[in-house]
Amino acid sequence: MKIIMNRDRLIESVQHVMKAISQKTTIPILTGIKIEATETQVKLTGSDSDITIEAVIPKEEEGIILIDEIVPGSIVLHAKYFPEIIRKLPNEMVEIESDDKLQLSIRSGHAEFHLNGQDAEEYPHLPLLQSDSSFSLPNDLLKNMIRQTVFAVSTSETRPILTGVNIKVEDDHLHFIATDSHRLAARKIPLEVDQANLSFSQVVIPGKSLNELNKILEDTDEKIEIQVGENQIAFQAEHLYFVTRLLEGKYPETSRLIPDQSKTIIHADTKTLLQSVDRASLLARESQNNVVRLETKGNEVVEITSNSPEIGKVEEEITIKGMEGEDLKISFSSKYMIDALKIMESDQVKIEFTGAMRPFIIKPVDNDQILQLILPVRTY
Amino acid sequence: MKSIQPVVSKMLVSSINKERISHAYLLHGQRGTGKKYLAILLAKSIFCKHQERAEPCNTCRDCQRIDSGNHPDFHWIEPDGASIKKEQILHLQKEFTYTGMESNRKVYIVSDAEKMTTNASNRLLKFLEEPSMDTTAILLTENSQAILPTIQSRCQLISLRPLNNKQLIEKLEQEGLTEANAKIFAAVTNDLNEALEKSKDEWFANARKIVVQLVEMLQTNPNEVLLFIHTQWMPHFKERPQAQQGLDLLLLWFKDMVYYHIDQKEQMVFSYHYDKIEKAAMHWSKKHATDNLSHIMDAKRKLEQNVHPQLVMEQLTLHFQR
Numbered sequence: 001m002k003i004i005m006n007r008d009r010l011i012e013s014v015q016h017v018m019k020a021i022s023q024k025t026t027i028p029i030l031t032g033i034k035i036e037a038t039e040t041q042v043k044l045t046g047s048d049s050d051i052t053i054e055a056v057i058p059k060e061e062e063g064i065i066l067i068d069e070i071v072p073g074s075i076v077l078h079a080k081y082f083p084e085i086i087r088k089l090p091n092e093m094v095e096i097e098s099d100d101k102l103q104l105s106i107r108s109g110h111a112e113f114h115l116n117g118q119d120a121e122e123y124p125h126l127p128l129l130q131s132d133s134s135f136s137l138p139n140d141l142l143k144n145m146i147r148q149t150v151f152a153v154s155t156s157e158t159r160p161i162l163t164g165v166n167i168k169v170e171d172d173h174l175h176f177i178a179t180d181s182h183r184l185a186a187r188k189i190p191l192e193v194d195q196a197n198l199s200f201s202q203v204v205i206p207g208k209s210l211n212e213l214n215k216i217l218e219d220t221d222e223k224i225e226i227q228v229g230e231n232q233i234a235f236q237a238e239h240l241y242f243v244t245r246l247l248e249g250k251y252p253e254t255s256r257l258i259p260d261q262s263k264t265i266i267h268a269d270t271k272t273l274l275q276s277v278d279r280a281s282l283l284a285r286e287s288q289n290n291v292v293r294l295e296t297k298g299n300e301v302v303e304i305t306s307n308s309p310e311i312g313k314v315e316e317e318i319t320i321k322g323m324e325g326e327d328l329k330i331s332f333s334s335k336y337m338i339d340a341l342k343i344m345e346s347d348q349v350k351i352e353f354t355g356a357m358r359p360f361i362i363k364p365v366d367n368d369q370i371l372q373l374i375l376p377v378r379t380y
Numbered sequence: 001m002k003s004i005q006p007v008v009s010k011m012l013v014s015s016i017n018k019e020r021i022s023h024a025y026l027l028h029g030q031r032g033t034g035k036k037y038l039a040i041l042l043a044k045s046i047f048c049k050h051q052e053r054a055e056p057c058n059t060c061r062d063c064q065r066i067d068s069g070n071h072p073d074f075h076w077i078e079p080d081g082a083s084i085k086k087e088q089i090l091h092l093q094k095e096f097t098y099t100g101m102e103s104n105r106k107v108y109i110v111s112d113a114e115k116m117t118t119n120a121s122n123r124l125l126k127f128l129e130e131p132s133m134d135t136t137a138i139l140l141t142e143n144s145q146a147i148l149p150t151i152q153s154r155c156q157l158i159s160l161r162p163l164n165n166k167q168l169i170e171k172l173e174q175e176g177l178t179e180a181n182a183k184i185f186a187a188v189t190n191d192l193n194e195a196l197e198k199s200k201d202e203w204f205a206n207a208r209k210i211v212v213q214l215v216e217m218l219q220t221n222p223n224e225v226l227l228f229i230h231t232q233w234m235p236h237f238k239e240r241p242q243a244q245q246g247l248d249l250l251l252l253w254f255k256d257m258v259y260y261h262i263d264q265k266e267q268m269v270f271s272y273h274y275d276k277i278e279k280a281a282m283h284w285s286k287k288h289a290t291d292n293l294s295h296i297m298d299a300k301r302k303l304e305q306n307v308h309p310q311l312v313m314e315q316l317t318l319h320f321q322r
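Chains as they are written, first to last, in full-length UniProt numbering: chain A, 1 to 380; chain B, 1 to 322.
Watch out, some of these pointers could steer you wrong.
[What the hints assert, rightly or not] Think about it this way: if two alpha-carbon atoms lie no more than 20 angstroms apart in a straight line, the pair counts; the simulated PhoX-like pairs of lysine-lysine are:
#	chain 1	residue 1	chain 2	residue 2
1	B	Lys94	A	Lys250
2	B	Lys86	A	Lys24
3	B	Lys255	B	Lys209
4	A	Lys342	A	Lys363
5	A	Lys321	A	Lys350
6	B	Lys276	B	Lys286
7	A	Lys297	A	Lys263
8	B	Lys126	B	Lys85
9	B	Lys94	A	Lys208
10	A	Lys24	B	Lys85
11	A	Lys80	A	Lys24
12	A	Lys19	A	Lys143
13	A	Lys297	A	Lys321
14	B	Lys49	B	Lys18
15	B	Lys126	B	Lys86
16	A	Lys24	B	Lys94
17	A	Lys250	B	Lys126
18	A	Lys321	A	Lys363
[To be verified] Estimated spans, in silico, between C-beta atoms of each pair:
#	chain 1	residue 1	chain 2	residue 2	range
19	B	His23	A	Arg256	26 to 34 angstroms
20	A	Gln41	B	Lys126	43 to 51 angstroms
21	B	Asn164	A	Gln41	55 to 63 angstroms
22	B	Lys171	A	Arg87	52 to 60 angstroms
23	A	Lys208	B	Glu52	37 to 45 angstroms
24	A	Glu157	B	Glu55	37 to 45 angstroms
25	A	Gln202	B	Lys126	22 to 30 angstroms
26	A	Ser181	B	Gln315	56 to 64 angstroms
27	A	Lys208	B	Met234	53 to 61 angstroms
28	B	Ser159	A	Gln202	43 to 51 angstroms
29	B	Glu142	A	Glu157	28 to 36 angstroms
30	A	Asp368	B	Glu55	55 to 63 angstroms
31	A	Arg159	B	Glu55	35 to 43 angstroms
32	A	Glu92	B	Glu55	36 to 44 angstroms
Hint data in this document are derived by calculation from the structure and do not stem from the laboratory. Ideal Cβ positions, reconstructed from N, Cα and C, are used throughout, including at glycine.
Make the full structure from the sequences, and use the hints.
Structure, rendered in structure tokens:
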């Protein structure tokens, strides 16, 4: 294998790939970066077995030649040393060459490094995903959908399936659902392609992987291609390929949890409510689920209170835009409420209650694409 | 493998051919009976795509990566220090909530499974109880009784046959050892290579001499035995595994004495010291000798429990003189 190319582009790609590599892995080969050169491109791969990131550097892009010379081949290099070396090389151009004894030399200017490599055959290979279950979304929409659901995944390992976000296609909509059994975050968007094209019904993606993906994606409106396989899901951006393993098991049925009728409906200003709950939470204690209390006062006023006997108490009355139905007193976790209100895209929210001991839902006023469900806290 | 473990290999081969691999195996056998080899062979048969009648090819990517420990769907757990810790099982547990990396199959091997801490065993139990599809657990142990009964009952127990001693003795003789020596090495270890190594080891030769000296001294000069322990025994058997080996030799010696008493002289290991054993047998009655055997076993256990080696030896010799 031999590559002569520009150093800056290589550094950029190496940095993307490095995000997937963990030093703590139990599989020795995964401490390395795989470099694979074909006639037309150079591909870098990093993995911690949960997620795998591939970065592709084409030989030329829009008429600009990125790689001057390629001789095909592949090798695995230790991820601790290779990026550091590339970063500190003296010259703009770098020459990477490997021989058949897995010895690699890196030359730039008058500096020359020799590294021991490992056999690329040992590296796990990604199964090729069939393309009949693929669809595409704009980058920023995907990022938003991740942001609006992933915070609600469970952090405890007692029910592993809940540590992931459930993605399913139903009624011509793409659904993202996450829950930790105390609250639920759901987001849906209408699908453009025919549903017949999609051969998967539902998958569960680990929350950790989605967080990682969110960090890597750029906030643009470029399209990203999503391919769903049996064991993996892949996100294909222009020069980046992100693959994560899925969680095994059946995601619980969530549609029955969402109440379809309500006794009390409140319309409120998102920002006012958020700030008020945030203030009240200052005195709420973490040991008791950050409980705050909401009470309707008639005349389009609600009172938000929080009381911790050994610290003090807070009361605040806010004006709301409108209220229908019965009067209500309800207690809930301020943390969950803040999380839910933060990701609402609209200025006005609608909150639907079905009694003090029943879960309530929060939606934007103008559409029902975002849905947040929170379980109240029993207080005496 | 077939020659050493004919029954077990036949059983596994037919279960692979009929695609009826159990979700958990507990391989139980003494040192050197080929547990690890068998477990890896089984894992390869599961992953290898070119297997022929349950024999893996050993040359494809999957086989080679199992050998080098780089296969992403194959996990090998062994004691980290003295025991298998909870964290190691926790890692495994996390791994199994995910789907497979390259295939749908997952295999994990827990070597020295009796060394799992209670916490670790209970965690392991959790997913032995609810095996996900196409997962195979292989537990290896030398002492299946030390494993939680709840784990045992969830595994298919496969007992590896102890190695045939006669075969090993014959092999050792072919390698140029005298018959008497071959017997001793075959008694000390089950592994041919280890036996050959030991036969060239000067330390081991000295160890044998010291054991014989100790026994003689116990008969002729009991007052100076403690001194002997201090000046000769302790400096030679410094490390814990070495001390265990010293006790093993002592154990063999007393076993020979029992064999002498019950007139099964062909079983004796120290046959070239026949006269000395005869003399010792005059000194210790059969009952005495068997008592001493249990004392030595006691001492071995204490060493494992981190009792000071010198105290263990002193107590043992005092027991002998009773």
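Enumerated hints in conflict with the structure, sorted upward: 32
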